[in-house]
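**Student:** Chains Y, A, R, Z, F and P supply the protein sequences, listed in that same order. Using the numbering used here, you'd call the opening residue of the first sequence number 475 and step up by one each time. Using the numbering used here, you'd call the opening residue of the second sequence number 475 and step up by one each time. Using the numbering used here, you'd call the opening residue of the third sequence number 475 and step up by one each time. Using the numbering used here, you'd call the opening residue of the fourth sequence number 475 and step up by one each time. Using the numbering used here, you'd call the opening residue of the fifth sequence number 475 and step up by one each time. Using the numbering used here, you'd call the opening residue of the sixth sequence number 475 and step up by one each time.
Mixed in with the good hints there might be a few duds.
Said to hold, decoys possible - 30 Å max Cα-Cα, derived DSBU-like pairs, lysine-lysine: (1) 614(P) with 692(F); (2) 695(F) with 614(Y); (3) 661(Z) with 692(Y); (4) 692(R) with 661(F); (5) 671(R) with 614(Y); (6) 671(Y) with 576(A); (7) 692(F) with 576(P); (8) 614(Y) with 661(R); (9) 692(P) with 614(R); (10) 614(R) with 692(A); (11) 692(Z) with 692(Y); (12) 576(P) with 671(F); (13) 692(Z) with 669(Z); (14) 692(Y) with 695(Z); (15) 576(P) with 695(F); (16) 695(R) with 614(P); (17) 614(A) with 661(Y); (18) 669(Y) with 576(A); (19) 669(Y) with 692(Z); (20) 669(F) with 614(P); (21) 614(A) with 695(Z); (22) 669(Z) with 576(F); (23) 692(P) with 669(A); (24) 669(A) with 614(R); (25) 576(R) with 661(A); (26) 614(P) with 695(F).
These are calculated hints, taken from the structure and not from any lab test. Computed from a predicted model, the values in this text were never measured in an experiment.
Protein chains: 6
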Amino acid sequence: MAVVVQNILRADQAIINGLAIAGAATVHEALGRKGLMQAHIRPIFPGARIAGSAITISAPPGDNWMIHVAIEQIRAGDILVLAPTSPCDAGYFGDLLATSAKARGCRGLISDGGVRDIRDLTEMDFPVWSRAISAQGTVKETLGSVNIPVVCAGALVNAGDIIVADDDGVCVVPRQEAEATLAAAEKRTELEEMKRKRLAAGELGLDIYNMRPRLAEKGLKYV
Amino acid sequence: MAVVVQNILRADQAIINGLAIAGAATVHEALGRKGLMQAHIRPIFPGARIAGSAITISAPPGDNWMIHVAIEQIRAGDILVLAPTSPCDAGYFGDLLATSAKARGCRGLISDGGVRDIRDLTEMDFPVWSRAISAQGTVKETLGSVNIPVVCAGALVNAGDIIVADDDGVCVVPRQEAEATLAAAEKRTELEEMKRKRLAAGELGLDIYNMRPRLAEKGLKYV
Amino acid sequence: MAVVVQNILRADQAIINGLAIAGAATVHEALGRKGLMQAHIRPIFPGARIAGSAITISAPPGDNWMIHVAIEQIRAGDILVLAPTSPCDAGYFGDLLATSAKARGCRGLISDGGVRDIRDLTEMDFPVWSRAISAQGTVKETLGSVNIPVVCAGALVNAGDIIVADDDGVCVVPRQEAEATLAAAEKRTELEEMKRKRLAAGELGLDIYNMRPRLAEKGLKYV
Amino acid sequence: MAVVVQNILRADQAIINGLAIAGAATVHEALGRKGLMQAHIRPIFPGARIAGSAITISAPPGDNWMIHVAIEQIRAGDILVLAPTSPCDAGYFGDLLATSAKARGCRGLISDGGVRDIRDLTEMDFPVWSRAISAQGTVKETLGSVNIPVVCAGALVNAGDIIVADDDGVCVVPRQEAEATLAAAEKRTELEEMKRKRLAAGELGLDIYNMRPRLAEKGLKYV
Amino acid sequence: MAVVVQNILRADQAIINGLAIAGAATVHEALGRKGLMQAHIRPIFPGARIAGSAITISAPPGDNWMIHVAIEQIRAGDILVLAPTSPCDAGYFGDLLATSAKARGCRGLISDGGVRDIRDLTEMDFPVWSRAISAQGTVKETLGSVNIPVVCAGALVNAGDIIVADDDGVCVVPRQEAEATLAAAEKRTELEEMKRKRLAAGELGLDIYNMRPRLAEKGLKYV
Amino acid sequence: MAVVVQNILRADQAIINGLAIAGAATVHEALGRKGLMQAHIRPIFPGARIAGSAITISAPPGDNWMIHVAIEQIRAGDILVLAPTSPCDAGYFGDLLATSAKARGCRGLISDGGVRDIRDLTEMDFPVWSRAISAQGTVKETLGSVNIPVVCAGALVNAGDIIVADDDGVCVVPRQEAEATLAAAEKRTELEEMKRKRLAAGELGLDIYNMRPRLAEKGLKYV
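Okay, chain Y solo, but in the shape it has when bound (with noise of 0.2 Å):
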């Protein structure tokens, strides 16, 4: 049951740096309103904007052993997936498993548990999407595996998805979409960047998109 997956596909490196650049909303929008998590995943310091290719973990409560084993797996430019088998908010992720993770190659983690060390990540910029902090440490007793398909934070990712994080949350692409869903989203933000403009004018929604009539239709009454 416990089972590492050692060779993982990956999308192309231009098409993942291209959705970091539109962002996890525009990219929820173009992947058509799914593969967000939840929004209880937070970033431990803002600012911070990546994409990279999903290395999974399924990790028991408490136990941050099969971090170690994928840090083996990570190419450079992936991005760590934990997701914790039952909830678990204790700090399964520090300074050093940050050191390891970064000198090969890794962007950030993703953790529906704990992470700590929070001082130390920020000085190193390695940035961390999770659902607590906690100092709690945790043990290596229990295997889990690498690189299976999770459910992390409501969300469906399999490995080599490409994660999207940035102050926004978290959206999940799958690996086949991705070109696709790139497409879509850059011309989603050129057609964004004209609306902005007349709507910084001083042009309402109202009007741009045509509202009042449906609006009308549906009922709606000016007193």
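Since chain Y is already given, all that's left is putting chains A, R, Z, F and P on it; use the hints.
**Tutor:** Positioned in the frame of chain Y, the structure of chains A, R, Z, F and P alone reads:
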């Protein structure tokens, strides 16, 4: 049932600005310890300190159509107050809506739902206090109402009430009580300044407020 | 039942300061993974890192009278620890109390209730770790106790225990274990420094800690 | 600031009783989908179904003094509605207060705080809907108010409004809308009875409500 | 994007019924400790114990239109599984929908949203496991999908997977693993029966499972 | 660090049984309003009312090994008290462990984690108060301790303290205070009986407790 109330009364702008300077905690005290929103409403970035007249929005879960309608009702100095009709943390509001609201003079948003585009809103210096940060998209399918009385984060808000928001939270001042509240708040601020000096000099609250006799009478024992 | 214990024992100041440098996560490990407060206790601003002797406060919900009583008991280097007798997030503590506490040498506050005047506290550089931020006012009507044993955020605190607080959370070190804990923490910090260098150089935890044989024995499969 | 409003208006008892029969969900619909308390308010035992005129209580956290004051204001058929001024789950109400309230004709309690003596209340068949069950004691030290407007579990309640409570939750009907709401609720119940028969016979909602054309128009695909 | 997948594969009915008898906890163990929904999903009445093939529903927050669409897809023995696209506790489902679903042979509903008409559903003996009970109404405005993969309360559910639900919670068995899981569950049940007899006779687990040597080896001290 | 304390002191059985009759709310009052566990600890079925000597268990998240160790320490009349070292709602305890504990005279379990096999436990009439119900399995890999002081749901529990649990919650009575607490509880019960009769006859608490002068003095206004 779906209405937009167009001509609402607002308090005097000088009074509103005075309340902003006093801040949420002092205003809440000056108002007789009422009107406070629940503590789950937090600012998306620290340091903002605003007051303004409430434009209220009652919106279905996951549907931000009425925000477009509400923006047309904004006058310079207003604050949007969004109350979903059932608990929802979807991302009702982002940088495009903020651009539009700001173009009309809006000072900020209070949302008992979610908000997104945090980085853009921070760069725009458009303050938001919300229940959640979420990239989750919303739809434009179902009507709600604008400028009807709403309960937002446990506080009753009538259109035109004064919203006072800072790092401590959000307080709602009924429009009719604005002037008296400002007077009480200013008196309170003045008194606090005197107390602060005495406390900073090392005097004890036990002595300044003459608490010792009443503590003894209630039965406090020193051992 | 309402008592103030006046002459409490404190640990040596040099030991306390050493624990502050070690930080909450390392101290928690050095102490044998106990004494940690729950993760809902968070700092009101990032970066603070303090240790001090606990002045404990058992207070009724929404009543901050005993904080005034507690402040008189503060000696330079102490930390206030507030435990409401039933869950409450009202704003027990603000800038006036902080001014008074600071004048007596207090290093900070741990509150399993709420706190307010965040902006002022931040400007004063007076650190607080709390369950909530709330402008909600409190009363001064019901007695509590000072310097009795309390449970704060899930951790037992006796007056004079050492509180270690930073961005990772809050750890409580029993006074009698302070010296041994510091020794263990310093050894641990030293060891971590060596590990950090090896990990930064690209060595794997799997190898440094010789995990591979035990992983294989437990049945981990690579596929 | 602490007041007891003594002569409140109540709706007609026959209308109130009719609303009890309709139940919270139907009344909420008949009222235009407003007035519902939040879902954290749950009954202490299943099966109760009541309606009555609200006697509102605004009480400090952990202080049940005002409940004694409110009980004097009860007339036969009334329901107590308790709103703490800040979140609190202490046991404000138990079998002694229930005995007193029942002796005056009270039909039940809605509490956005805690309640205790669950076994006794169940044996007395005195229904309570509350945020929490807690044996935590309260004090009688600080004034609050009776029969002022309160926000209880997210719903505005004016004294004399009709409270409708059952296993689905608690709905508040403004006194002035009681008669119209009952009429709408009874019509709704009648219509539902017809629909129930058709659905029980195997007809689909898709056909009864003629949903297929609109689904197709919106773009639903069958694959 | 909005699709209804019509011809889904189902497991053998005898296997499904066997899984119902085994119950959620045993099935979860037999499956290798995966597939469990989160503990916030609770039954609306105690004692129900069902299994069935999943008809999955992805629905917007506060919009129950797709449930009508899903009911047409039900075959005798199926269970509805509702996953809102963002967290929502509105009352998506009540006695009319239950009447319709039951007429088509539906065994129950799993809802990561809310449910209402609790008294009627209990009298109908129609079991529901849900995140919340709420009388809050929903709309029929926005499309979703039926029988696509969904994440419900943290568990991945594909249409046709077997849902096993009882007082312990809800477990999802992938259709392809149903037969092997049942075999493992039945073996486990048998083994447990033997253990139960020995434990009831006063033997200790420490001895039955021969735990003492390993406890000693790990360093457990008896004092 | 992992220890089992074997010879603990227990209170007199007659006192323990008297405390069970008094119930958690009365005992909590008699004890001076301390010792109460937090309200998230709820019984798995209504109506149980027990007291017993605490066998405490400190266990890692998701690891129930120490429960087996603890069961050997049970004497007739004891109650197990399980405190995970970090928040965890996994199903630590089920019908096999209950069978074993019951065979040794155990009266019930208090768990600040999860529990499973609810139907079996209910049929066995083995009462459990817990944070969560969850079918999630646990492991047996990491040591904890038995009969050391623990904090369970916010209350300090020493081995041999008396646990009093009923539908109102769970109260912990320090062993040394058991006799005095029982005496105070019985006096309180007697007094309440008299008050109950007067209240049932329609007398008001306002008059029985002579509250009117103090209310007037504090400034309560009747309008």
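**Student:** Now tell me if each hint is right for this structure.
**Tutor:** Here is how each hint holds up against the structure:
Between residue 614(P) and residue 692(F), the direct Cα distance comes to roughly 12 Å. Compliance with the 30 Å bound is thereby established for this hinted pair. Distance restraint check for residue 695(F) and residue 614(Y): the Cα-Cα separation of roughly 21 Å lies within the 30 Å cut-off, and the hinted pair is therefore satisfied. With a C-alpha separation of about 23 Å, the suggested pair residue 661(Z) and residue 692(Y) falls inside the 30 Å cut-off, and the hint holds. Straight-line distance between C-alpha atoms of residue 692(R) and residue 661(F) comes to about 23 Å, which keeps the hinted pair within the 30 Å bound.
A distance of roughly 22 Å separates the Cα atoms of residue 671(R) and residue 614(Y); the hinted pair therefore holds under the 30 Å criterion. Only pairs whose Cα atoms come within 30 Å are accepted, and residue 671(Y) paired with residue 576(A) is accepted, the gap being roughly 12 Å. In summary, the hint linking residue 692(F) to residue 576(P) is supported, as the alpha carbons are separated by about 28 Å, within the 30 Å threshold. Of the pairs offered as hints, the one joining residue 614(Y) and residue 661(R) holds, with about 21 Å between alpha carbons and a cut-off of 30 Å not exceeded.
Taking the CA atoms of residue 692(P) and residue 614(R), the gap is about 13 Å. The hint holds against a cut of 30 Å. For the proposed pair residue 614(R) and residue 692(A), the alpha carbon gap of about 12 Å is at most 30 Å, so the pair holds. A C-alpha spacing of about 16 Å is found between residue 692(Z) and residue 692(Y), which places the hinted pair at or below 30 Å, so the restraint holds. For the given pair, residue 576(P) sits about 12 Å from residue 671(F) by alpha-carbon distance, which is consistent with the 30 Å threshold.
A distance of roughly 25 Å separates the Cα atoms of residue 692(Z) and residue 669(Z); the hinted pair therefore holds under the 30 Å criterion. Only pairs whose Cα atoms come within 30 Å are accepted, and residue 692(Y) paired with residue 695(Z) is accepted, the gap being roughly 25 Å. Taking the CA atoms of residue 576(P) and residue 695(F), the gap is near 25 Å; set against the 30 Å cutoff, the hint holds. Distance check on the hinted pair: residue 695(R) and residue 614(P) sit about 21 Å apart at the alpha-carbon level, within 30 Å; holds.
Straight-line distance between C-alpha atoms of residue 614(A) and residue 661(Y) comes to about 21 Å, which keeps the hinted pair within the 30 Å bound. With a C-alpha separation of about 14 Å, the suggested pair residue 669(Y) and residue 576(A) falls inside the 30 Å cut-off, and the hint holds. Restraint check: the Cα-Cα separation between residue 669(Y) and residue 692(Z) comes to about 25 Å, which is no more than 30 Å; the hinted pair holds. The suggested pairing of residue 669(F) with residue 614(P) holds, with an alpha-carbon distance near 17 Å, which does not exceed 30 Å.
For the given pair, residue 614(A) sits about 21 Å from residue 695(Z) by alpha-carbon distance, which is consistent with the 30 Å threshold. With a C-alpha separation of about 14 Å, the suggested pair residue 669(Z) and residue 576(F) falls inside the 30 Å cut-off, and the hint holds. Between residue 692(P) and residue 669(A) the CA atoms are separated by roughly 25 Å; this keeps the pair inside 30 Å, and the hint holds. For the hint linking residue 669(A) to residue 614(R), the alpha-carbon distance of about 17 Å falls within 30 Å, and the restraint holds.
A threshold of 30 Å between alpha carbons decides the hint, and for residue 576(R) with residue 661(A) the separation of about 25 Å falls inside it, so the pair holds. Distance restraint check for residue 614(P) and residue 695(F): the Cα-Cα separation of roughly 17 Å lies within the 30 Å cut-off, and the hinted pair is therefore satisfied.
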